[in-house]
Structures are given as C-alpha cells and as structure tokens.
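> Just so we're aligned: 14 in my numbering is position 14 of the sequence shown, and the numbers increase by one with no gaps anywhere.
Keep in mind that a hint or two might mislead.
As the list claims (entries may be wrong) - Below, a list of computed lysine-lysine pairs in the BS3-like style, where the Cα atoms sit at most 30 angstroms apart:
| no. | residue 1 | residue 2 |
| --- | --- | --- |
| 1 | 47 | 142 |
| 2 | 65 | 112 |
| 3 | 92 | 142 |
| 4 | 47 | 24 |
| 5 | 47 | 81 |
| 6 | 47 | 112 |
Claimed, not checked - With beta-carbon atoms standing in for the labels, derived distance ranges:
| no. | residue 1 | residue 2 | range |
| --- | --- | --- | --- |
| 7 | 35 | 99 | 13 to 23 angstroms |
| 8 | 2 | 129 | 20 to 30 angstroms |
| 9 | 126 | 73 | 34 to 44 angstroms |
| 10 | 100 | 35 | 40 to 50 angstroms |
It should be emphasised that the hints constitute simulated quantities derived from the structure, not laboratory data.
From a predicted model like this one, the values you see are computed outputs, not experimental measurements.
Note that the Cβ used here is the ideal one computed from N, Cα and C, for glycine as well.
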Amino acid sequence: MAEVFYQTPLGIAHIVEEDGFICKVSVRDELIPPTPTTSLLLLESMKQLDEYFAGNRKVFDLPIKQPGSDFQQQVWLELLKIPYGSTITYSKQSLNMNSPLAIRAIAAANGKNNLWIIVPCHRVIGSNGSLTGYAGGLWRKKWLLDHETRVTGIGQTKLAF
C-alpha cells in the first residue's frame, strides 16, 4: 500500500494505492501537509486530478478498485456512466439500474463511494434539484457541479433575473 496527501482547490486529498489500483480518494478539511510520493500510479492520479481541476480532463483513466458488495459495485458502475457536466436524480439512477424501489439503497451505496471525484457521485442530486447527501460536504458538491458547468458552458448553476 502507498498513499499520498495532495493539495486540491477543495482541500487535502488523501489518495491510496493498493496492488496496482487506486482504492481510495477522499478529501479532508484538516491541515495535513502534502506528502511526496514515488509511486507512478499516485503521481498519475495527482496529474489527472490536476487536469480535472484545470478543466482539461472529463474522464479519469486510472485502475480503480474499492471494496463493496455486488450491489454497491453496480451502483458505482452506474455513476461512471453520468456524463461530465450532467446530473441525474437518485430516482433516475434507480430507474437506470432497473431497481425503481431501491432509491434509498442506491443513495446509501453512493454515500459509501470511496473514490471522490473519480467515481462521480457528486453528479447525483435530489428529485427536486436539491444538493443532498455528499460525504465531502455539500459546499464541495456545489463547487464540483459549478466547475463542470463552467467548463462545459452548458447549464445554469444560479438563477439569473
């Protein structure tokens, strides 16, 4: 296992590599100084996150693996299908998975996603358009959605009068 703490515009990211896979990317509010790494995979993950934050990367190309049940793995795979700059509702995600009654279970699985930004659970919103349930904090979810909207030039994140 190798890990690195890395500064992003949204706080310090903690990235963990195990057996040739990125298995955890989380963000922290604590003041943890960034750490150096010699792991090529961790360096590539930081490069791809830098490209994402610069608006130059819309899809991550990293080997990823996180522990979870078969159901959770299906939920996370569905998250990877949400296009950059787009959002869907938990209800729509449940319909896409042919599990219309599993909205709460799907939302719970989204909340257990350990691959911040890379598996884009921030793109799932409430049925009324509200920003709900984000482990990194709703302000970070809003920032990420606003960032993707700015980069694509599609959509509107604030009401204009």
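> For each hint, tell me whether it holds in the structure or not.
Evaluated hints:
Among the hinted pairs, residue 47 with residue 142 is consistent with the structure: their alpha-carbon atoms are about 23 angstroms apart, no more than 30 angstroms. A hinted pair counts as satisfied when its Cα atoms are at most 30 angstroms apart, and residue 65 with residue 112 qualifies at roughly 13 angstroms. Restraint check: the Cα-Cα separation between residue 92 and residue 142 comes to about 20 angstroms, which is no more than 30 angstroms; the hinted pair holds. Between residue 47 and residue 24 the CA atoms are separated by roughly 16 angstroms; this keeps the pair inside 30 angstroms, and the hint holds.
This hinted pair checks out: residue 47 and residue 81 have alpha carbons roughly 22 angstroms apart, not beyond 30 angstroms. Among the hinted pairs, residue 47 with residue 112 is consistent with the structure: their alpha-carbon atoms are about 25 angstroms apart, no more than 30 angstroms. Evaluation of the 13 to 23 angstroms hint for residue 35 and residue 99 yields a failure: the beta carbon distance comes to about 40 angstroms. A beta carbon spacing of about 40 angstroms between residue 2 and residue 129 contradicts the range 20 to 30 angstroms that was offered as a hint.
Look at residue 126 against residue 73: about 24 angstroms separates their beta carbons, and that is not inside 34 to 44 angstroms. Taking the beta carbon of each, residue 100 and residue 35 are about 45 angstroms apart, inside 40 to 50 angstroms as hinted.
Figure legend: structure checked against the earlier numbered hints; hints not met, in rising order: 7, 8 and 9.
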